[in-house]
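Kindly produce the complete structure, drawing on both the sequences and the hints.
For the sequence shown, the numbering used here gives the first residue as 158, with consecutive numbering after it.
Keep in mind that a hint or two might mislead.
Taking lysine-lysine pairs in the DSSO-like style, the calculated list, with each CA pair at most 30 Å apart, reads [stated by the list, open to error]:
#1 Lys300 / Lys219
#2 Lys219 / Lys184
#3 Lys184 / Lys306
#4 Lys300 / Lys184
Simulated from the structure, these hints should not be mistaken for laboratory data. On a predicted model such as this, the values are computed, not experimentally measured, just so you know.
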Amino acid sequence: MRASTELHDRVAELLTYPGPDSADAVKRAIHHVSEALPEAGAHLADLATLAADGAPGEFEEKFCHTFDNNADRALEIGWQIWGENYDRGAFLVRMRSLMRTVGVPETAELPDHMSHALRVLGRLPEEAARNLVITTVLPAARKMRDGFKDEVNPYRGALETVVLVLESHVEALEPIDV
158 MRASTELHDR VAELLTYPGP DSADAVKRAI HHVSEALPEA GAHLADLATL
208 AADGAPGEFE EKFCHTFDNN ADRALEIGWQ IWGENYDRGA FLVRMRSLMR
258 TVGVPETAEL PDHMSHALRV LGRLPEEAAR NLVITTVLPA ARKMRDGFKD
308 EVNPYRGALE TVVLVLESHV EALEPIDV
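Shown next as structure tokens:
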């Protein structure tokens, strides 16, 4: 089953810098994830607790500590796949073009940020989405998730959820030669 645009958007919100409505964003994501991919909903329980019960600033601090200060979990897909070489630059250009094509607005994040990729994937035709998932987005998401190693962190569940949403693209279509 292919995940919906709405689901992609809600999951993308989990990987954006927390703001005043982050607790509501997590609730929306849990609702959509639980409906579309029931096995994934439980992965978000710890993040929901942090969003709802954390001290002021704790949610933002955890996000920064988890993603901004850790190269293994950096949310930039191109960084995860290519590091700082030319291919990443080409991917940034490609992602910016895809964002414009499907109407995903740019933000302060680079075009290869996972939140942008999720929004783009929810709007691309299935085959194009699947190809992007297989070639770059899913390998990067798995690498980000694996960057947690054995660390207990509420964002680990968010990345587990991202991987399951991305895998739904791979399962949605007949196999193709890559």
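Inset, instruction - Hint by hint, work out which the structure violates, then give me just those numbers in ascending order. - result: The structure conflicts with no hint, since it agrees with every one listed earlier.
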